[in-house]
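Turn these sequences into a full structure, and let the hints guide you.
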Amino acid sequence: MILSVATEPTSRPAVTPAMQAQEQAWARAAQKGDQAAFMHIVEAYQRPVYNLCYRMLDDPTEAEDAAQETFLRAYTKLKTYNPRLKFSSWLFSVASHYCIDRLRQRRYQFISWDELPPWRPLSTPEPEPEDATLAREAHDMLHQLLDSLPPDYRAATILRYWYEMSYDEIAATLDTSVSAIKSRLFRARQMMAEKYKADS
Amino acid sequence: MEHEKFTEKISLWLDNELSPAEITELQIHLTRCAACRQIYQAMQRVDDLLRRAAAVMVEPTPGFSPRFEARLAQYTPYDQRRLWWGMIVLLLGVTFFFVLGAALSSTLLVSLRSIFFSGGILYPWLAALIESANNLWTFINLGILFAKTCLIIFSQPLFWVCVLVAIALAGLWVRMMQLIYRRSPINVELLV
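Chains as they are written, first to last, in my numbering: chain A, 1 to 200; chain B, 1 to 192.
If you're looking for bench data, these hints aren't it; they were derived computationally from the structure.
Just so you know, even glycine gets a beta-carbon here, dropped at the ideal spot from N, CA and C.
Take the hints with a grain of salt, since some may be wrong.
[Unchecked claim] Covered by chain B, per the in silico footprint, the following chain A stretches (three or more residues, Cβ under 8 Å):
{"no.": "1", "segment": "32-46"}
{"no.": "2", "segment": "85-93"}
{"no.": "3", "segment": "175-187"}
{"no.": "4", "segment": "190-199"}
Rendered as structure tokens:
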């Protein structure tokens, strides 16, 4: 039996030192009250921040709101940003904490029938191409797996896979220790593996 | 416990955090232990699924930046309103606790005065106190009397009702301050 793990990194645009220097310059200008500089940051980071919020909240409308809220919080808390640290990590930290809080609040929310989205059949009457069906199944499975995780575990998993962060970077982003991150990723994988086995 | 140790290592292996020696040890264990091998296979499938999904970055709908700019423009007046409300609640809270503290301390003082100076005559009592200051027993008696007074006050149900109400109101006040200063506006109109 051959036992191995996939080690090849997924394609992710690399952040060059020049880009980092540019971000730092925008951040410093925004800290001094330059709103145009902050809008450059919004342009540059809207996609990764939105993606993080979407993967955390699993709803496009909520993700939009959370991403906007992240930038708003970042703008109002810019003075607390330490320019010696990576700006992206600080921004993802704001987004992660906001989404974790929102997921925790969700557990205590009561939704009336009127607020639910309109009913939608699970399968469309027209047959789908096989590839599309497989992709949809994989997408549904992915969201079921992520939904089964507690908010903290989910954030660590998303930062690890979608943002290829190291344990140190995830720990710094989520304000915790490296050993806690190792434990969260292990528990998350364990929970997802159990769900995967049960569902398939 | 042994399985737990190895399943933890599977997670580290998926993250390329194991040394070659540890990988060899884990691989040997996996060939021998069916339970761990099942966990490994399930974890690896989940890992594959996540890696494939992670290749896709979901994008916001076009016009994200202008929507944010509009939200930011609405933020400042809202923030100032929050600041004013915060100041009002803070002032009300401080005034309330000042009045409550004054009322409680005056109640205590009145009670002490009524016990120590039954006739309301201060100076003769003070003179007597100074005269007998060299008498240790007088001080001990005074101490006992003071303790008894405190016990009388603390044993009153009304006193504890007041304390509990004060604690509840303090909690409510702190929560209000948190809500005013921590919650940021969520503008539903901009989401449409």
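Hints versus structure:
Restraint check on the segment 32-46 of chain A versus chain B: 5 residues with Cβ-Cβ distances below 8 Å, three needed, restraint holds. Residues of the segment 85-93 of chain A lying with their CB closer than 8 Å to a CB of chain B number 0, which falls below the three-residue condition for coverage. Counting residues of the segment 175-187 of chain A whose beta carbon lies closer than 8 Å to any beta carbon of chain B gives 3, which meets the minimum of three for the stated coverage. Residues of the segment 190-199 of chain A with a Cβ under 8 Å from some Cβ of chain B number 6, which satisfies the need for three, so the listed coverage holds.
Of the hints listed earlier, the one the structure fails to meet is number 2.
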